[in-house]
Amino acid sequence: GENVEQHPSTLSVQEGDSAVIKCTYSDSASNYFPWYKQELGKRPQLIIDIRSNVGEKKDQRIAVTLNKTAKHFSLHITETQPEDSAVYFCAASKGTGGFKTIFGAGTRLFVKA
Amino acid sequence: DAGVTQSPTHLIKTRGQQVTLRCSPKSGHDTVSWYQQALGQGPQFIFQYYEEEERQRGNFPDRFSGHQFPNYSSELNVNALLLGDSALYLCASSFYSGGGETQYFGPGTRLLVL
Numbered sequence: 731g732e733n734v735e736q737h738p739s740t741l742s743v744q745e746g747d748s749a750v751i752k753c754t755y756s757d758s759a760s761n762y763f764p765w766y767k768q769e770l771g772k773r774p775q776l777i778i779d780i781r782s783n784v785g786e787k788k789d790q791r792i793a794v795t796l797n798k799t800a801k802h803f804s805l806h807i808t809e810t811q812p813e814d815s816a817v818y819f820c821a822a823s824k825g826t827g828g829f830k831t832i833f834g835a836g837t838r839l840f841v842k843a
Numbered sequence: 854d855a856g857v858t859q860s861p862t863h864l865i866k867t868r869g870q871q872v873t874l875r876c877s878p879k880s881g882h883d884t885v886s887w888y889q890q891a892l893g894q895g896p897q898f899i900f901q902y903y904e905e906e907e908r909q910r911g912n913f914p915d916r917f918s919g920h921q922f923p924n925y926s927s928e929l930n931v932n933a934l935l936l937g938d939s940a941l942y943l944c945a946s947s948f949y950s951g952g953g954e955t956q957y958f959g960p961g962t963r964l965l966v967l
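Chains A and B, in that order, give the protein sequences. Just so we're aligned: 731 in our numbering is position 1 of the first sequence, and the numbers increase by one with no gaps anywhere. Just so we're aligned: 877 in our numbering is position 24 of the second sequence, and the numbers increase by one with no gaps anywhere.
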């Protein structure tokens, strides 16, 4: 069945270092890959997304890469700050005329000051 | 510009009861998706509504049903509640464009089944 695997489950970095979260999806028909940040007790917030016709996208300190052949996509956060501490979820979406989004299990990121 | 809203914020029910959760999409959005998020896990897709019809469904039993109204708001109904239905229920809205639309989440309804 459809599945998105996310690693690592927990990541601890020093402030200013980079953080990388990796995801693998199973359904080759997936064509949209959003990343969400969820702080404790709050709703998931979209931080960046990428579509299957693009290999890389960057927005300030955040970048996402997509390898369709390997069915891998990754989130890169540079110059991490304490306020980046949260749970990050990757997701893979497919469909036209209605779509289904499958989320990874999440990565808890701790940024130590 | 109002964002996605959900009601109620919290709910306590007992096993076997039925519950209805409500969602109003972001202004300009016409599609609503519902997710179940258990503690410490990622959101699990329940179903998606567009043009008042269920367009996609995840692996949830028929106890989970929904509805979308002409104003694009939506309801999630869960019958015969089980302890395992305790979770945060999130709705997300988007504007239909054929697939891969950006979704914006509501604050969620936290359901506790005793």
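These are calculated hints, taken from the structure and not from any lab test. Mixed in with the good hints there might be a few duds.
What the hints assert, rightly or not - Only part of the chain B face toward chain A is listed, based on derived beta-carbon distances under 8 Å:
hint: 1; residue: Ala-891
hint: 2; residue: Gln-894
hint: 3; residue: Phe-898
hint: 4; residue: Gln-901
hint: 5; residue: Gly-911
hint: 6; residue: Pro-914
hint: 7; residue: Ser-918
hint: 8; residue: Ala-940
hint: 9; residue: Leu-943
hint: 10; residue: Gly-953
hint: 11; residue: Phe-958
hint: 12; residue: Gly-959
This one's a predicted model, so the numbers in the text were calculated from it and none came from an experiment. All C-beta atoms, glycine included, are put in the ideal place defined by N, C-alpha and C.
Now the hints, each set against the structure:
With 8 Å as the threshold, the beta carbon of Ala-891 (chain B) stays out of range of chain A, its nearest partner Cβ sitting at about 11 Å, so the hint is violated. The beta carbon of Gln-894 (chain B) comes within 6 Å of a beta carbon in chain A, closer than 8 Å, and the hint placing it at the interface holds. With a cut of 8 Å, the hint placing Phe-898 (chain B) at the interface with chain A holds, because the nearest CB-to-CB distance is about 6 Å. Contact between Gln-901 (chain B) and chain A, as hinted, is supported at the beta carbon level, the nearest pair being about 6 Å apart and thus within 8 Å.
Nearest Cβ of chain A to the Cβ of Gly-911 (chain B): about 7 Å, under the 8 Å cut. The hint holds. Interface hint at Pro-914 (chain B): violated, since its Cβ lies 16 Å from the closest Cβ of chain A, which is beyond the 8 Å cut-off. Below 8 Å, beta-carbon pairs count as interface contacts, and Ser-918 (chain B) has none with chain A, the closest being about 17 Å; its hint is therefore violated. For Ala-940 (chain B), the interface hint is violated, since its Cβ never comes within 8 Å of a Cβ in chain A; the closest pair sits about 13 Å apart.
Proximity of Leu-943 (chain B) to chain A holds as hinted, the smallest CB-CB distance being about 7 Å (cut-off 8 Å). At its closest, the beta carbon of Gly-953 (chain B) sits 3 Å from a beta carbon of chain A; the interface hint therefore holds under the 8 Å criterion. Proximity of Phe-958 (chain B) to chain A holds as hinted, the smallest CB-CB distance being about 4 Å (cut-off 8 Å). With its C-beta approaching chain A no nearer than about 6 Å, Gly-959 (chain B) sits inside the 8 Å limit, and its interface hint holds.
Hints 1, 6, 7, 8, counting from the list given before, are not met by this structure.
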